[in-house]
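Chemist: The residues making up each chain are set out below.
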Amino acid sequence: MNYNLVFIDDNMREGLDNPFVRSIGKFKEDAKLSVFVDPQEGLNYVLNNLNCRMIVFLDCKFDGYGLQGINVLKKIREQTSLLYIVMMSANAISQIAGLDIIEMINEDFIWFFDRNNGTVKDACDLIDKIKNLWTTRFDCVLEQWILRHPEDADKYAYRELGGKSYTWSEMLSELRHQSAVGKVFEGMVNDYYIYRFTKLEDSNG
Amino acid sequence: MDDDQVLKWRFDVSTFRLIGRDLITDRVTALFELVKNCYDANASEATIIFNNVGLDKKGESSIYIKDDGIGMSFTDIKDKWMVIGTSNKRSNPYSPEPFSRKCVGEKGIGRFAVDKLGDKVNIITKQKKGKQWLNVEIDWEAYYKQSFESNEIKLFTDIENHYEYYDSEDINEHGTTLKITNIREIWLENDIKRFIEEAGKLVSPFANMSYPMQIKVIAPEYGIETIATKNMDDVSIATISFSLGFDITSQTQDSAYFDEETGEIKIRTIPMKSFGGIKMKVYYFDEAARRRYRKEFPNNQIDGVKIYRDSIITTPFAENESEDDKKRDVLGIDKRLWMNIFDRVSTREIIGIVEITKKDNPMIIDATNRQDFVDNEQYRDLKEFIITQLDAIEGYKKYSRKKKRKENSNTLESAGQEIQSFISSVENIAEQNPNLKDSLAPVVEQAKKTGKAVRTAIKEKKEAEEEFARKESVYMSIMSLQEYAIHITHAVRTTLNKIRDRVEYFNMFYPDPTEEDIFKRYAKEMYVEFLNVNKVIDYMLSYSQSNIQPEDIELDETIREIFVEYTPLFNSNGIKTDLIIPEKIMLRNTRRQFFRDILQNLIDNSIKAVRDAEQKIIRCTVSVEKEELIILLSDTGNGIPQEKRTWVFGVYNTTTQDQGGAGIGLYIVKTRVESLKGKVFVTDSEFGEIGTTIRIELPFKK
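The listed protein sequences derive, respectively, from chains A and B. All residue numbers for the first sequence refer to my numbering, where the first residue is 1 and numbers rise by one. All residue numbers for the second sequence refer to my numbering, where the first residue is 1 and numbers rise by one.
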């Protein structure tokens, strides 16, 4: 299962040679690693790659940068709520501004990694936990399907009333971006299968 | 769909009241809204009479709001007053000529205000030349009762209100009286005083008022009969004051600053700010002036800066808290107090009038909850501008405190000297007239005793002053340390984490011949990080060494040392340096650590400032002019705006918050320079239009 691990932290100036990143890379060989020191560059990368499976390790405090971790989080959430984000901090939680904590808690798919006490193993456990969630998520299931059946990728999955048509791979991108059509489609598919199973149950019974 | 099958909206009586209660939360505000209506109706006088509104009622409770405004016609009542949500005033923002007042009650909530005050209202009104007075009665309690008793929904629009006409004795009389009865809440003396205070602020005395409105408040049960409105003379008892204006053609704004040379507040012009031009008048009251003010205006408090739009108060609005610490401080003036209790001005010491207009300041917008303005860039700039003006007063406060202290000790010292010369004169007389010696002896004795007492007093005073200065310095350093501790712990922790990550890597993967280079690299990096921790800890410890013994230092060497220490940081940030020290500079009996603190903080700031600059240069020039040592530290960074040149030296004031600036650096620089009996200020950049130059002047003898 290939996926991206993105680290955005102003203290990781060594890039991929940063020992924390390097250690994780050794344990997670199926992951593609990227490191960004500048939060804006990291944000750009994440937003340009929303159609990939991704876990973002995001530092809370950036010394000397306009953007702070919480701003990057908000900017990502403006585009998608599906991305898993692990907030990291070298400060004790009690030193983080209360409002920032509230904003973090109120977001979906967010995790916290304590950089002072958390080990590489803890970080890897967190990654495994997140990966387990992927197996059940609709966008991830669809991605797996397309990987196994590449011939289906360009087949039409959905046509808007009098509007645009979407292939399965296009729809995957819409889902990851949490676009209006992506959300509608996901809801419809869920409804459809509940309906199908209910009717099936009825006809069997 | 069939056209004849339609449904209509309806709403019941209680809905009206619910809306009203949400709109107006406080009865003083409600009454204030009604007085605003008098103003909009071109009244010259509004009289508010409270009858039996207290706890101890002796008859029917009522509030009269009586004005000599233009009055209302039957059509006005029918088509405007009785229509909820009428926007009449919005399309006609000015009251009729010749008054042409900017209307205040724009939001049309006067009707709800009446309901907040009492259950029943009579509107008695007449226009000029009208033959009869119109009296409309609105009794909410009765309607409410009806709908409750009939047990069916009583629709708001079905309610019938009775009216009658009666003849007028004088055809030229005009105006409106609201007689509100069945007063819903008790009004204590303090509530009425609060209303008087708020009503006094309805219209700015600073405005050029061709048609003023006088507000008279009468409450017989409390013996109140007073004029609430103020004029400019009422605030002339201030210690100092200054006025600021602006110029549309040259797009400039006045801004105040304190000139330490002359000990005066001066005005300079700065480019107009994002919020547009404003007029501002600030009155500062020292302790004696505050006493005078309290005596003269027992109903009034000195209560900070008010913003008036088109001559009408906007903030902090009429709703307020009786408790001081709950009082709204929308401009954040008092929030800054804890930062420096000695010199910051509080809202209890100043009256400020800020004049804005819809025309010149369109982006300062009332918030819908009527408690503040909409938080946008322009309003934030306006708040910052106002606070910057207060820095001038803070400068004055500090200056006066020092001056007073000096004057006091001078008086004592000269008294001491006078006693001494008195004793020698008397002793002279005694010598020249030996026969007087015995009779003068007790006088001399007494004078000597007094002289001794004065000397003791001088000594005690000096000790007390030193003690105060010591406490002040401890207090200040504790406050800065608090903020400092957070930054330092973050720095130490980050460095420790870097070391920990590398140690962990060794622990997990060593040995591995294929990774030999990485292991070597991590070992080196750990060593560097260790040095970093040491540096941070040294810096922290320099605080505890502030009182180290004075020594002779070679300043040129000290500065070179510091620049050498910074070389790795300069290199990693791509910064070029330029160090110009033409001669050897020997300083006697001074404190090396102070110079280190000054230079380090200035360099740290410059590094932050040049981060995004195209050309990154930090330049330090040291020269001797007459009896002064001049140190200039310049950078090619983003510069400090003219109006913040004084402000940046205040504790926690920073222009580089986004780059992690905590606003402590320049404060330390200033306190250190001052303790070396020097001066520090921001001057025009050596690099011309870009960058910043900080100039330090220290007394120096070759």
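In case anyone wonders, no lab produced these hints; they're calculated from the structure. Please note that a few of the clues may not be correct.
[To be verified] In silico DSS-like links for lysine-lysine, alpha-carbon gap of 30 Å or less:
hint, chain 1, residue 1, chain 2, residue 2
1, A, Lys131, A, Lys121
2, A, Lys28, B, Lys524
3, A, Lys121, B, Lys452
4, B, Lys520, A, Lys32
5, B, Lys524, A, Lys32
6, B, Lys383, A, Lys74
7, A, Lys26, B, Lys520
8, B, Lys462, B, Lys452
9, B, Lys461, B, Lys406
10, B, Lys120, B, Lys66
11, A, Lys121, B, Lys120
12, A, Lys26, B, Lys461
13, A, Lys28, B, Lys406
14, A, Lys75, B, Lys383
Small disclaimer: the values here were computed from a predicted structure and weren't measured.
Chemist: Now, for every hint given, state plainly whether the structure supports it.
Modeler: A quick look at each hint next to the structure:
no., hint, in the structure
1, Lys131(A) with Lys121(A), "15 Å, holds"
2, Lys28(A) with Lys524(B), "26 Å, holds"
3, Lys121(A) with Lys452(B), "78 Å, violated"
4, Lys520(B) with Lys32(A), "25 Å, holds"
5, Lys524(B) with Lys32(A), "27 Å, holds"
6, Lys383(B) with Lys74(A), "27 Å, holds"
7, Lys26(A) with Lys520(B), "18 Å, holds"
8, Lys462(B) with Lys452(B), "15 Å, holds"
9, Lys461(B) with Lys406(B), "11 Å, holds"
10, Lys120(B) with Lys66(B), "16 Å, holds"
11, Lys121(A) with Lys120(B), "74 Å, violated"
12, Lys26(A) with Lys461(B), "72 Å, violated"
13, Lys28(A) with Lys406(B), "72 Å, violated"
14, Lys75(A) with Lys383(B), "28 Å, holds"
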